[in-house]
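S.K.: One-letter residues, chain by chain:
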Amino acid sequence: QKEVEQDPGPLSVPEGAIVSLNCTYSNSAFQYFMWYRQYSRKGPELLMYTYSSGNKEDGRFTAQVDKSSKYISLFIRDSQPSDSATYLCAMRTYSGGGADGLTFGKGTHLIIQP
Amino acid sequence: NAGVTQTPKFRVLKTGQSMTLLCAQDMNHEYMYWYRQDPGMGLRLIHYSVGEGTTAKGEVPDGYNVSRLKKQNFLLGLESAAPSQTSVYFCASRPGLAGYEQFFGPGTRLTVL
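Taken in sequence, the protein lines are chains A and B. For the first sequence, position 98 (counting from the first letter as 1) is numbered 98 according to the working numbering, and the numbering increases by one without interruption. For the second sequence, position 68 (counting from the first letter as 1) is numbered 68 according to the working numbering, and the numbering increases by one without interruption.
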């Protein structure tokens, strides 16, 4: 079982819809959770960064973490064609002297239809 | 601020050739990383550095070497390129104690024939 599972899609929704993107993970030590957006042939761009469980909102984006279920979500409200991209979840444990770096999901390809 | 920059953007190599990828950041970040991204595999960590003069292995280090002689630069070297190293390479950096979020460069597309 991979540490982080993410449905690759593609996920196609009409403009204006609410989008829900999700990741599940197996390592209960993960405490820091991030969402990145990656446009075609570009580098990943940080969207949201949360610590432990709870919700965080930034404009049209809401990140949600449920550590009891090992499940994280990214919601996009009033979706726009410019939101069409691949969305990567990433997470890590607290740095306690072990290996550094993020563990990524494989990404979900999102298409917003005008 | 330019953020994280990578040189070159594209490169084609023949099997057995060597090359160096350069990553530079102007944010005074302590930590720097090299990832490769392959279809169906996601982003995988090759090597990383927690400060000037230090390097460490990541998940897929074989066939690569790195150096961090200056805080702002992180070099990734391929001594004898193989077709399995055809990939998109991303460099990233983060501040250090201030947080774990990483900031990525635009990537280098490498093809090994």
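Among these hints, one or two may not hold up.
Some chain A residues close to chain B (C-beta under 10 Å, calculated; not the full set) [as the list claims (entries may be wrong)]:
#, residue
1, Tyr51
2, Gly54
3, Lys56
4, Leu88
5, Asp100
6, Ile111
7, Pro114
Chain A residues, not near chain B, derived (Cβ > 12 Å throughout) [to be verified]:
#, residue
8, Pro8
9, Ser20
10, Ser26
11, Gln31
12, Tyr36
13, Gly43
14, Thr62
15, Asp66
16, Ser73
17, Gln80
18, Thr103
In silico lysine-lysine, DSSO-like type, Cα no more than 30 Å apart, as pairs [unchecked claim]:
#, chain 1, residue 1, chain 2, residue 2
19, B, Lys57, A, Lys42
20, A, Lys70, B, Lys71
21, B, Lys14, A, Lys67
It is worth saying that the hints were derived from the structure and are not from the lab. Bear in mind that the values here come from a model prediction, so they are computed numbers and not experimental data. A virtual CB, placed ideally from N, CA and C, is assigned to each residue, including glycine.
S.K.: Would the stated hint for tyrosine 51 of chain A survive a check requiring a Cβ distance to chain B of less than 10 Å?
M.R.: holds, 9 Å
S.K.: Using Cβ atoms and 12 Å as the threshold, tell me whether threonine 62 of chain A really stays out of contact range of chain B.
M.R.: holds, 17 Å
S.K.: Would the least Cβ to Cβ distance between glycine 43 of chain A and chain B come out above 12 Å?
M.R.: violated, 4 Å
S.K.: Min Cβ distance, aspartate 100 of chain A to chain B: is it shorter than 10 Å?
M.R.: holds, 5 Å
S.K.: Against chain B, does proline 8 of chain A keep a CB gap of more than 12 Å to every residue?
M.R.: violated, 8 Å
S.K.: Serine 73 of chain A: least C-beta distance to chain B exceeds 12 Å?
M.R.: Since the minimum Cβ distance to chain B is about 18 Å, serine 73 of chain A lies beyond 12 Å and the statement holds.
S.K.: With a cut-off of 10 Å on the beta carbons, see whether proline 114 of chain A makes it to chain B.
M.R.: Violated - the Cβ of proline 114 of chain A stays beyond 10 Å from chain B, reaching only about 27 Å at its closest.
S.K.: Just to be careful, I want the Cα atoms of lysine 14 of chain B and lysine 67 of chain A compared with a cutoff of 30 Å; is the pair within it?
M.R.: violated, 47 Å
S.K.: Quick check for students: does the CB of serine 20 of chain A sit more than 12 Å from each CB in chain B?
M.R.: holds, 20 Å
S.K.: For the hint on lysine 56 of chain A, does the least C-beta distance to chain B fall short of 10 Å?
M.R.: violated, 13 Å
S.K.: Holds or violated: lysine 70 of chain A with lysine 71 of chain B, Cα cutoff 30 Å?
M.R.: Judged against 30 Å, a Cα distance of about 36 Å means the pair is violated.
S.K.: If I take the minimum Cβ distance from serine 26 of chain A to any residue of chain B, is it greater than 12 Å?
M.R.: The assertion about serine 26 of chain A holds, with a minimum of 15 Å to chain B.
Checked against the numbered hints given earlier, the structure breaks hints 2, 3, 6, 7, 8, 11, 12, 13, 18, 20, 21 and satisfies all the rest.
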